[in-house]
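Colleague: Chain residues, written in single-letter form:
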Amino acid sequence: MAYKCVVLIKQVPDTKRVTGDVMNDDGTVKRSALPAIFNPEDLNALETALEIKDRFGGHITVITMGLPGAAAILRESLYRGADDAILVTDRRCAASDTLATSYILSCAVKKLDYDIVLCGRQAIDGDTAQVGPQLAEKLGITQITYVEQLIELSSKTITAQRNIGNGWQQVKAELPVLLTVVGDANEPRVAAARKMMKYKKASTPIEVSEQIKAENPKADEAEIAELLELRAKALEEKGLLIKQWDLDSLEADLAWCGMSGSPTKVHRIQSVVLAAKESKDIHPTPDGIADMIHELIEEKTIA
Amino acid sequence: MIDVNRKGEVWVFAEQHGGKIEDTPLELMSKARRLADTLGVKLAAAVLGDRIKPLAKKLVRHGADKVYLAEHPLLGQYQTNSYAKVMYDLIHKHEPQIVLYGATIAGRDLAPRIASATKAGLTADCTDLQIGDHTTAKDKKVHKNLLFQIRPAFGGNIVATIINLDRWPQMATVREGVMPMPDADTSRKGKIIEEMVELTREYLPLDIIDEHKRPKKVDLKAARIIVAGGAGVGSRDNFQLVWDLANCLGGAPAATRAAVDLGFIDHDHQVGQTGTTVRPSLYVAVGISGAIQHQAGMAQSQKIVAVNNDPDAPIFQVAHYKILGDLNDVVPLMIKTIKEKGIQE
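Top to bottom, those sequences are chains A and B. Residue numbering for the first sequence follows my numbering, beginning at 6 and increasing consecutively. Residue numbering for the second sequence follows my numbering, beginning at 524 and increasing consecutively.
For reference, chain A alone in the conformation it holds in the complex (with noise of 0.2 Å):
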């Protein structure tokens, strides 16, 4: 039988690659100096939502909730074998905790029919690993943690294969899941060339829009509003157009969204300094070397 998967997935700064200061003067981050990535282990997660539709059918949608330019990754699910890509995107969502994110996200999933949700294990800006189990917990599913094989799926029920830190642990459940998935589970394929030719033009109206603008600078939002509907009209029908959701289209409850959602604020953000330690230079010479370890032996550090 073939399953529906929804798939979350984030595009985050690429923290490993990390040079110099991170902050700004005002004690903020520059995300901005940052290239911006698909969240790692989203594309385990969508990897193995692509699995399971090439094994038993089905279809897979991607979701994300962040800033317009968040389209870039939910492209890129589309390149690699998704059928449908949302992008939750509303002013009213900054400054969303995990708890206020998961609540907008199940939002979103439950307007959505689905057999099982899928997410990364964490992403890599926070790696708090929170919003999977919280995500599960407003849906009201069983949530199953840390996947990293998928043995079994039959008719309503699966087998799944967690990797429990010193070991792996095989469990099973009745559908509707939620799965979080590790970076060991599979290799995730790269993008389809026919699939990147068939969906690079696909667009968020929020893109159709920039582009009308671009194009005709001197038209008036009407005639902008009249264009957008057109062109969006059109993407539609060729299956290129990135559906938007705002909190509005979400129905969500704006006292669980965003700064007025989130119980946990910063109070402060310090850059990481390293400490500074009395220290003592050694030759790498027998005599420097000798001179260290007999140091180290003397204070009993080397028994």
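What the hints contain is simulated information worked out from the structure, not anything from laboratory work. It is possible that part of the hints are untrue.
[As the list claims (entries may be wrong)] Computed list of chain A residues with no C-beta within reach of chain B, every gap over 10 Å:
#: 1; residue: ASP88
#: 2; residue: LYS115
#: 3; residue: ASP120
#: 4; residue: GLN154
#: 5; residue: LEU158
#: 6; residue: GLU192
#: 7; residue: ARG199
#: 8; residue: GLN216
#: 9; residue: LEU240
#: 10; residue: LEU246
#: 11; residue: LYS248
#: 12; residue: LEU252
#: 13; residue: LEU255
[As the list claims (entries may be wrong)] Heads up, simulated DMTMM-like pairs for lysine to aspartate or glutamate below, C-alpha to C-alpha not over 25 Å straight-line:
#: 14; chain 1: B; residue 1: LYS589; chain 2: B; residue 2: ASP612
#: 15; chain 1: B; residue 1: LYS608; chain 2: A; residue 2: GLU179
#: 16; chain 1: B; residue 1: LYS667; chain 2: B; residue 2: ASP689
#: 17; chain 1: B; residue 1: LYS845; chain 2: A; residue 2: ASP292
#: 18; chain 1: B; residue 1: LYS736; chain 2: A; residue 2: ASP189
#: 19; chain 1: A; residue 1: LYS177; chain 2: B; residue 2: ASP730
#: 20; chain 1: B; residue 1: LYS543; chain 2: B; residue 2: ASP733
#: 21; chain 1: B; residue 1: LYS864; chain 2: A; residue 2: ASP296
#: 22; chain 1: A; residue 1: LYS21; chain 2: A; residue 2: GLU153
#: 23; chain 1: A; residue 1: LYS177; chain 2: B; residue 2: GLU721
#: 24; chain 1: A; residue 1: LYS177; chain 2: B; residue 2: GLU725
#: 25; chain 1: A; residue 1: LYS58; chain 2: A; residue 2: GLU192
#: 26; chain 1: A; residue 1: LYS248; chain 2: A; residue 2: GLU228
[Stated by the list, open to error] Looking from chain A toward chain B, a few residues come up when the C-beta cut is under 7 Å (computed):
#: 27; residue: GLN135
#: 28; residue: LYS143
#: 29; residue: HIS272
#: 30; residue: ALA295
Built from N, CA and C at the ideal position, the CB exists for glycine as well.
Got chain A; can you put chain B on it based on the hints?
Modeller: Leaving out everything else, chain B in the frame of chain A:
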């Protein structure tokens, strides 16, 4: 969520598996003890399981004033939903102001589920906790005695202090190995409270078919001396130098993430933000540049020796003994010197 309440206790979720309490919650007890003393409230441990009464005494000896003991046959093996349900009920019954969890595999699976159900805040992977005041920028209102939840963020490049002003309990998971384990004090007295647990099979949605525990190849946390190699060591073959130096020092071999990713040594040996956090008496860093993510796992070592041929390597900023040179010369020299000293003394 519960309301802000200044009388609420400080809680530690005392994660246990098979009747053995995990190290991380025990490590947390000394810090939690200090938080409770600062606030002038009781420190309590919540322990869930089946036939685990003996654990309550152990928690008292490690600093708990009270132990909430939740025993039920269906709690014999950890599952997210059953444990989350019982913790949710306990939190709403006793209204602790702070609830702390070890950032273990189970802790990171459980705590967010509880946070979502209670609609309270949760900060992941804290490396330190303090009590402090916060003034809100908008109305200049002072919020006294909040839990400062301190954690590295942004790949370890910054340290953020997170607070939860009003939707309590204030909850955090705390990283493994960042706090020293308190010594057990057998003279301590505490109150053990047996909780009634209401649980049905519907809270056990997982059928646990099979489990395989793989013992760790090395116990870095217990090692007094660690010799760690980085990408600079060059190859899996050359990593033998690290093993040899560790052997002659009676220490454990370790590695950076880069060295593990290059296949020089198994992941069990990894020190750093995504590996083990260590605090040995001596840490010898060989061919390690000292990325911030690695330093997060070893900077608290008592003595650090760094061997590197790059004078600008960040590892030198935290090292006590800086050896600028080729590790292929320096390490054999160290081995030779130690062996000779061993013969002399």
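Colleague: Please go over all the hints and tell whether each is borne out by the structure.
Modeller: How the hints compare with the structure:
1. With 10 Å as the threshold on Cβ separation, the claim that ASP88 of chain A sits away from chain B holds: the shortest Cβ distance comes to roughly 28 Å.
2. Distance check on LYS115 of chain A: its Cβ is at least 15 Å (rounded) from any Cβ of chain B, clearing the 10 Å threshold; non-interface status holds.
3. With a minimum CB-CB distance of about 15 Å to chain B, ASP120 of chain A clears the 10 Å threshold, and the non-interface call stands.
4. The non-interface label for GLN154 of chain A is consistent with chain B: the shortest C-beta to C-beta separation is roughly 12 Å, beyond 10 Å.
5. With 10 Å as the threshold on Cβ separation, the claim that LEU158 of chain A sits away from chain B holds: the shortest Cβ distance comes to roughly 15 Å.
6. For GLU192 of chain A, the condition that its CB be more than 10 Å from all CB atoms of chain B holds, with the nearest at approximately 15 Å.
7. For ARG199 of chain A, the condition that its CB be more than 10 Å from all CB atoms of chain B holds, with the nearest at approximately 32 Å.
8. The Cβ of GLN216 of chain A sits about 33 Å from the closest Cβ of chain B, beyond the 10 Å cut-off, so the non-interface label holds.
9. Distance to chain B confirms LEU240 of chain A as a non-interface residue, since its nearest Cβ pair spans about 36 Å, more than 10 Å.
10. At roughly 32 Å from the closest C-beta of chain B, the C-beta of LEU246 of chain A stays outside 10 Å, upholding its exclusion from the interface.
11. The Cβ of LYS248 of chain A sits about 26 Å from the closest Cβ of chain B, beyond the 10 Å cut-off, so the non-interface label holds.
12. Here LEU252 of chain A stays apart from chain B, with its beta-carbon at least about 18 Å from theirs, past the 10 Å limit.
13. The beta carbon of LEU255 of chain A sits about 18 Å from the closest Cβ of chain B, which is more than 10 Å, so the claim that it is off the interface holds.
14. Straight-line distance between C-alpha atoms of LYS589 of chain B and ASP612 of chain B comes to about 17 Å, which keeps the hinted pair within the 25 Å bound.
15. A threshold of 25 Å between alpha carbons decides the hint, and for LYS608 of chain B with GLU179 of chain A the separation of about 19 Å falls inside it, so the pair holds.
16. Under the criterion of a C-alpha separation no larger than 25 Å, the hint pairing LYS667 of chain B with ASP689 of chain B is consistent with the structure, at around 12 Å.
17. Pair hint LYS845 of chain B plus ASP292 of chain A holds up; C-alpha atoms about 15 Å apart against a cutoff of 25 Å.
18. Pair hint LYS736 of chain B plus ASP189 of chain A holds up; C-alpha atoms about 18 Å apart against a cutoff of 25 Å.
19. Straight-line distance between C-alpha atoms of LYS177 of chain A and ASP730 of chain B comes to about 5 Å, which keeps the hinted pair within the 25 Å bound.
20. For the hint linking LYS543 of chain B to ASP733 of chain B, the alpha-carbon distance of about 20 Å falls within 25 Å, and the restraint holds.
21. With a C-alpha separation of about 11 Å, the suggested pair LYS864 of chain B and ASP296 of chain A falls inside the 25 Å cut-off, and the hint holds.
22. With a C-alpha separation of about 23 Å, the suggested pairing of LYS21 of chain A with GLU153 of chain A holds against the 25 Å cut-off.
23. A C-alpha spacing of about 24 Å is found between LYS177 of chain A and GLU721 of chain B, which places the hinted pair at or below 25 Å, so the restraint holds.
24. With a C-alpha separation of about 14 Å, the suggested pairing of LYS177 of chain A with GLU725 of chain B holds against the 25 Å cut-off.
25. Straight-line distance between C-alpha atoms of LYS58 of chain A and GLU192 of chain A comes to about 16 Å, which keeps the hinted pair within the 25 Å bound.
26. Pair hint LYS248 of chain A plus GLU228 of chain A holds up; C-alpha atoms about 22 Å apart against a cutoff of 25 Å.
27. With a least beta-carbon distance of about 4 Å to chain B, the hint placing GLN135 of chain A at the interface is held under the 7 Å criterion.
28. About 6 Å separates the beta-carbon of LYS143 of chain A from the nearest beta-carbon of chain B, less than 7 Å, and the hint is met.
29. Satisfaction of the interface hint for HIS272 of chain A is found here, the shortest Cβ-Cβ separation to chain B being roughly 4 Å, below the 7 Å cut-off.
30. Taking 7 Å as the C-beta contact cut-off toward chain B, the hint placing ALA295 of chain A at the interface holds, the least distance being around 5 Å.
Violated hints for the displayed structure: none, as all numbered hints are satisfied.
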